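Trainee: So you can see what is in the structure, the chains are spelled out below.
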Amino acid sequence: MIEISDLKKSYKNKTVLKGINLSIEAGEIYGLIGRSGAGKSTLLRCINGLENYHEGSLSVNGVEVKQILGKDLRVFRKNMGMIFQHFSLMERKTVYQNIALPMACWGYSREEIDKRVKELIKIIDLEDKLYERPHSLSGGQKQRVAIARALSLDPDILLCDEITSALDPKTEQNILQLLRKINEELHKTIIIVTHQMSVVKEVCHKICILEQGEIRVNGNVENIFISQPDALRNLLGEEEVPLPKDGVNIRIIYTGDNVNDRVISDMCQKWNVGFSLIWGKTERYRDTFLGVTVINIDEENLPIVERYIGELNLRWEVLKNESN
Amino acid sequence: MNQTEVSQLILKIMFPELLNTIYMILASTALSAIFGMILAIALITTAPKGLKPQAFVHRCLDILINGIRSFPFIILIVAIIPITRLIVGTSIGVNAAIVPLVISGSAFIARIMESNLQEVDSALIEAAQSFGASNFQIIFKVIIPEAFPSLVSGVTIAVIAILGNTAMAGAVGAGGLGAVAISYGYANFNNTIMYSTVVILIILVILIQSLGNFLYKRLK
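Protein chains in written order, with my numbering: chain A, 1 to 324; chain B, 1 to 220.
Treat each hint with caution, since some may be false.
[Said to hold, decoys possible] Just so you have them, the derived chain B footprint on chain A, three or more residues with Cβ under 8 Å:
| # | region |
| --- | --- |
| 1 | 75–83 |
| 2 | 88–101 |
| 3 | 147–158 |
It is worth saying that the hints were derived from the structure and are not from the lab.
As the structure is a prediction and not an experimental result, all values here were calculated from the model.
For every residue, glycine included, the Cβ atom is placed at its ideal position computed from N, Cα and C.
Start from the sequences, fold in the hints, and give me the full structure.
Mentor: What follows is the structure, encoded as structure tokens:
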């Protein structure tokens, strides 16, 4: 649906995007992840033509965005709702008028607007606030209104720019649930720019991690979590745990149902293999659980462990110890 | 001067001139607000970060407005007499005074409204662009409605500035309360008249400001 190849952009002397290659399929929730200044918001704005790009190509449904001009660009943008970090609602208009604004600009009839606004207010679950003004709403409610506004022209694509960054964690969860609902029930393709891992875990199917205008990693969320690339660790700000110099360090990755298995304790009991636990965590990604554990065992036990974990069909690897 | 003479003066001279003043204020404010608004919209639209950057046009408008605003009002009245004659046919009287009042008022209002309109969050404008609003719609459906209360309070400030200017226009033959204060009060050493005109002007200012504040609160 969206194909980006070798996309480059610079402001004056500063290169913001250094050759981005990316492809986003219809129906996906795609995360553009990175720290501030990585170029993710710029990339998002290139998709609906709010920013231009200098080299490379960005096409949406086969049409090169750079070549869409004037009125055509406005029509093109109808097909892409956008949601912003600070909601960007009109303070002097009611919730109803805010949601209706895009339709009013596109000359829909009063009846059509009324019908659509009332449909949308049900989706965002704010029926009782329809005639309130934004200042009497909470942050989460404002963002819901902004989502309804973005959906009003029934676009195929939703662009979300740090939409949960100004919200508390609980509200963030609610907004993310709403996005999932929109993705699953209304079949919208959603592109999310964020620096929050929580967003990735809750909703994204695929992500790419941007660092200084370049894509470091991209692909399926689970795979990225499993392979734990440096870019991910950088992003999370996690320090690398110093590994013990003696023995062998093994990283075991559990997915889905394995999380609940007593893998390591069974190993101790059955095979009499002692270990020390170096590091571990279990996290939820969308609906599945992923766990990573790093253990340290004596070198002579390695073949036993190798066979045991191999039988269980777990992903695992021996970590290189710098001193060895 | 006895009691009856004063009340005669108030009724025969001050009251009609008060009406003249009010007429000048209303007419000049209405016209200045229209021209000022057009200029302000042109300024923000052509600005470097505006909806349609036009460096040359923006620069010209900027110079024009600064030029008008540099004139002391009393000099402006005299300086544009040819233009006034061209438009109204005379350079004396209430209608003639409206021409310089509108020219200086428009420049003043343009600057105030320019800053009011710039206050509108740029993210809101970006949001409007993101759903495909045209520049025209962004100005009239987003920027102006959002800035409306500030625009009203900007006009309130301008009305009071215009009131001050009408008094000055009075000095050069426009009529109005300013003329009364200068010719009957100041030139005839009649403190009663001079100060009562001032009191009337103070009351006018207070009324205008309260009305402006009331509207601002209602609209916000």
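Trainee: Against this structure, judge whether each hint is valid.
Mentor: Hints, verified against the model:
| no. | hint | verdict |
| --- | --- | --- |
| 1 | 75–83 | holds (count 7) |
| 2 | 88–101 | holds (count 7) |
| 3 | 147–158 | holds (count 4) |
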